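Undergrad: For reference, the chains in residue letters:
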Amino acid sequence: MLDASLASTRRAAAIRLAACGIAAAVGLWLWWPDVLWAIQSPMQSGDGVRTFFGLSPRRVIWVVAQLHLLFAAFVVGVPWFAVTVEILGWRNGDPKYDRLAHEFARLFAAAFATTAALGGLLTFTLIGLYPRFSDYFFGIFAPVMYIYGGIFLAETAVLYLYYSSWERLRHRKALHIGLGLVLVAVGTVIVFIGSSMSSYMMAPTGVDETGTFVGTTWQALNNPLWIPVVIHRLLGNITFGGFVVGAYGAVKFLTAKTDDARAHYDWMGYVGNFVGLMGLIPLPFAGYYLGREIYGVSPVMGNNMMGGDFSWAFIIQAMLVGLLFIIGNYYLWSGMRRIPGAERYQKYIKYYIVILVACVAVWLTPRNLPLSPGEQLAIGGQVHPLLGVLGLMSTKNAVINLIILPTFLSFILYRRANKIAPLPLSQPRLGTKISVVAAGGLCLAILGWYAQVLFRLEPASLDLAADKVVYFRFTGVLVVVAMLAAITSVILALRDRGHVAQGLYLAVVATESVGILGVYGYIVTTAANPFLRQLAAAQWLILMTALILVTAIDLAMYRGARSYGGIRWGDVTAKSQYALVSLCVIIIMTMGMMAYVRSGLRENWHIYGVLKDTSQWAYTPSIGVMVRMVGGITIVFLLAISFLFWIAGLGAKRPDEESVD
Amino acid sequence: MKNPWIRVALFVVALVALFVWAGEVVSRASGSTLRAAPGEGISLENGELIFWGPGKCHTCHAVGTRGRSVRGPNMGASADGDAMMIRAAQRARQRSAELGSDMTATEYLVESLVDPSVHLVTGFKDEMPIVYQPPVHLDPNELTSVVLYLQSLGGQPDSASIAIPREVRLSRRAALAVTPWQPYLEGDSAKGRALFFDPDGRARCAKCHRVGDEGGDIGPELTAVAGTRTTQSIVESLLQPSASIPAGYETELIETIDGRILDGLVLRETADSLWLVTALEEMLSLPLANIARRRTQDTSLMPDDLADYLSVRQLHDLIAYLRTLE
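As given, the protein sequences belong to chains L and Y, one line each in that order.
Throughout the first sequence, residue numbering follows our numbering, covering 57 to 717 in sequence.
Throughout the second sequence, residue numbering follows our numbering, covering 21 to 346 in sequence.
Treat the hints loosely; a few may be bogus.
Computed far set for chain Y versus chain L, every beta-carbon distance over 12 Å [stated by the list, open to error]:
no. : residue
1   : Gly-59
2   : Ala-226
3   : Ile-277
List of simulated lysine-lysine pairs, BS3-like, C-alpha gap at most 27 Å [stated by the list, open to error]:
no. : chain 1 : residue 1 : chain 2 : residue 2
4   : Y       : Lys-145   : L       : Lys-631
5   : L       : Lys-631   : L       : Lys-406
6   : L       : Lys-313   : Y       : Lys-22
7   : L       : Lys-475   : L       : Lys-489
8   : L       : Lys-631   : L       : Lys-475
9   : Y       : Lys-145   : L       : Lys-524
10  : L       : Lys-152   : L       : Lys-631
11  : L       : Lys-631   : L       : Lys-403
Bear in mind the hints are in silico, worked out from the structure with no lab data behind them.
Please read all numbers here as calculations on a predicted model, not as lab measurements.
Don't be surprised by glycine CBs; every beta carbon is placed ideally from N, CA and C.
Using the sequences and the hints, build the whole thing.
TA: This is the structure in structure tokens:
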């Protein structure tokens with residue numbers, strides 16, 4: 057027995073060693089140009105920059121900063137849903153939720169120290185390699201750094217208190233959840249502070265015309281890109297955390313020895329994917345908002361982003377994000393085999409696939425790409441006469457709404473897959489009635505607020521002529537129509553016409569958000585371009601209300617409904633688990649690539665327009681360099697986090713050793 | 021290959037390799053590789069490299085069939101019109117009529133680069149950045165090279181015809197610590213000295229500052245200020261005295277027990293009293309027992325509106341004098 061255990065341990069160690077060797081070889085292959093370059097030209101610079109043993113300081117910072125950001129995203133993102141899962145378990149009394157939340161807590165507790173160490177390493181590396189920049193930057197943010205350090209200490213204390221008090225506070229769950237909420241709040245403050253410092257580098261404020269900082273620290277923090285970056289980053293962190301946990305569950309599923317363990321990790325993977333997609337759905341709009349604000353800060357930067365050096369990077373980004381949606385949906389569809397009764401809905405999937413693929417194809421259609429004369433001749437002009445229109449922002453806004461709708465419907469079909477028939481709402485079920493009315497009220501509040509914004513909007517505030525107000529009014533009327541549809545849907549739902557109510561509201565939303573406003577966007581683009589931002593917000597808000605109201609009606613209809621049987625957790629294909637792994641890898645690469653774009657947009661400025669990088673490393677790396685760097689960092693991160701998870705798991709009981717429900 | 025760990029590892033490596041391959045393909049297809057950097061000095065070739073590189077002109081302007089940006093006018097001959105230099109000659113005539121003075125095609129080109137909002141081409145927005153300011157930040161030589169390149173589009177390049185406006189040269193600001201600050205004018209140190217010590221003058225510096233044996237002791241001694249401070253730092257102290265206050269010269273805000281609020285520099289303090297000089301140069305003696313609260317401030321006692329009282333010439337005279345104090 058002992059010999060068998062020893063052999064198993066040795067075999068596992070040999071496999072891990074081999075995996076490390078393969079990964080190291082790949083990493084070397086990805087980075088070999090830099091290594092060769094470093095060997096050939098160890099040099100020093102007199103531009104306020106030092107090299108790192110001959111290696112490009114820029115690449116060293118790139119690697120350290122990106123690894124720090126990835127670990128930080130995990131440490132900040134995972135507590136959000138660890139606490140959510142714990143709350144769900146507390147409310148429904150199912151111990152598997154609590155066990156899952158505890159396992160998440162173990163993972164981010166293991167990753168926290170590495171995150172902090174990488175943060176320290178990043179600071180030291182900046183001071184060492186970029187002393188002139190550090191002097192300027194930390195001179196401005198010195199007061200913030202003390203607060204930042206203090207909050208990190210608070211985060212450390214709360215995190216370990218939250219994790220280690222799990223058993224002790226098992227019977228005082230409210231208190232423990234309170235600790236978790238404090239942890240989430242502190243993590244969010246850290247994101248706010250960290251994001252303000254990085255966004256300041258793109259949009260410095262409080263600087264006079266000689267480049268001297270004359271403002272207050274608050275002015276520096278409250279720069280124009282701060283909140284857009286925070287929103288984008290928080291949603292990105294949630295998505296990232298969800299997909300990393302999903303991949304963890306998938307790998308554990310694939311290596312599980314018992315059915316109980318497979319059931320547990322299958323469920324974990326499902327929850328991870330669910331959270332990841334929930335974060336992903338609003339992410340394109342957060343990105344759109346950030347992009348518009350970047351244009352506002354500097355048209356030069358904005359034009360360079362979408363129509364200059366970085367336009368191809370956005371084509372790759374569209375591919376990656378499109379893949380996230382398609383693979384996330386694929387995972388849901390393939391998971392339906394574990395649900396008795398789901399066969400009824402299989403026939404719809406082929407339509408979803410067609411819609412998703414077509415929308416992704418439209419989404420990655422470029423508009424502002426630098427083309428050679430030969431390329432222009434080949435496509436018949438500066439833009440393709442037919443397909444060129446697909447590259448416009450209004451089209452992209454429409455198709456991203458159309459991508460979100462089938463993704464949402466996949467969830468709806470998934471959750472009602474094993475239900476036989478809905479329960480009537482007209483019967484005395486006060487709680488469900490209230491929830492539907494409350495959801496309707498929330499939708500009305502959101503839409504009503506935005507309708508009054510549109511009706512009160514002054515054209516002059518957007519540098520538009522007074523007669524352009526007609527565009528605002530038309531969009532406002534559509535929002536009011538959506539409000540009327542919401543009221544009608546709530547009434548129908550309360551009169552036992554839940555499916556009709558859902559269909560009606562989805563139809564109205566799809567028609568308005570994708571159809572009418574999608575096409576109207578073309579007119580607005582040419583006639584009142586600055587209004588396109590408000591138009592996109594209207595599209596998105598209308599869509600979000602559909603997600604809220606349709607979900608509320610669905611929950612009300614199917615709560616307590618008879619079912620064909622419980623979900624057979626663990627009864628999924630290996631392919632679906634590889635889908636989870638690929639979601640994790642793709643989100644890491646997407647984040648790495650977007651960090652390259654955000655940093656690269658500053659071009660040869662440490663701090664845009666204020667502090668110039670006059671060193672020889674101040675060029676914009678090509679897409680080829682970017683993919684090698686991001687690919688290498690992805691592998692290093694995955695190796696590091698796998699190692700941490702392995703360490704974290706050494707002292708933990710496996711699910712098959714516990715009593716699994 | 022039954023081991024799931026190896027399968028997952030290979031799957032991950034394959035995904036990353038696919039991403040790298042796709043990026044390499046895009047890199048080759050887009051020509052997104054390291055571009056040649058412009059060299060030193062003025063030349064048409066440099067102008068072309070700047071136009072298609074660090075000048076970022078190509079993100080808004082195409083040249084004939086090269087590039088496809090449509091945010092700004094096409095600089096070459098295209099379906100929309102003649103090449104740039106021919107159009108520049110036409111617009112220069114139009115601008116001459118508006119201004120009532122002659123403007124050449126090259127002057128029009130220069131004006132459209134350094135002050136693009138002055139004359140907008142119909143159908144285009146007022147969104148072009150001022151190219152000699154950050155973030156584009158071209159220096160006069162780079163600007164001249166770009167104009168040479170534009171001259172070559174439908175005309176003959178002629179560097180002798182290009183006059184970069186003086187304000188561009190003066191406004192040229194390198195990033196921090198790259199180019200030391202220099203005064204805009206050559207000041208007269210003798211006049212500056214007179215201004216410094218004139219008790220009824222506009223500056224009256226000597227009321228507070230000592231140079232050698234002359235002057236007051238309220239502010240820091242300036243006998244060797246040029247030996248210890250850079251010119252930029254001296255100018256900052258003149259125009260923004262609170263930006264950097266020497267240790268011991270921070271003012272205090274004092275509230276007395278009878279509710280008076282006093283603001284000034286504590287010159288001396290004993291166990292039971294302190295002596296305060298206010299911004300109005302009043303000297304006050306206060307028993308410590310009469311003080312309810314006191315707080316050190318981050319403002320200087322020196323007035324921060326010197327620029328309102330001195331002309332640019334007088335300011336430079338004063339700077340010139342202070343630079344002699346080594």
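Undergrad: Taking the hints in turn, state whether each one holds.
TA: Each hint, compared with the structure:
1. Gly-59: Given a closest Cβ separation of 14 Å, the condition holds.
2. Ala-226: Holds, since 28 Å exceeds 12 Å.
3. Ile-277: Non-interface label on Ile-277 (chain Y) holds, nearest chain L Cβ at 32 Å vs cutoff 12 Å.
4. Y:Lys-145 x L:Lys-631: Cα-Cα ~52 Å, so violated.
5. L:Lys-631 x L:Lys-406: Since the Cα atoms of Lys-631 (chain L) and Lys-406 (chain L) sit roughly 18 Å apart, the hinted pair holds (cutoff 27 Å).
6. L:Lys-313 x Y:Lys-22: holds (14 Å)
7. L:Lys-475 x L:Lys-489: Between Lys-475 (chain L) and Lys-489 (chain L) the Cα gap is close to 20 Å, so the pair holds against 27 Å.
8. L:Lys-631 x L:Lys-475: holds (26 Å)
9. Y:Lys-145 x L:Lys-524: holds (17 Å)
10. L:Lys-152 x L:Lys-631: holds (25 Å)
11. L:Lys-631 x L:Lys-403: The given pair, whose Cα atoms are some 20 Å apart, holds under the 27 Å limit.
Violated hints amount to a single one, hint 4; each of the other numbered hints is respected by the structure.
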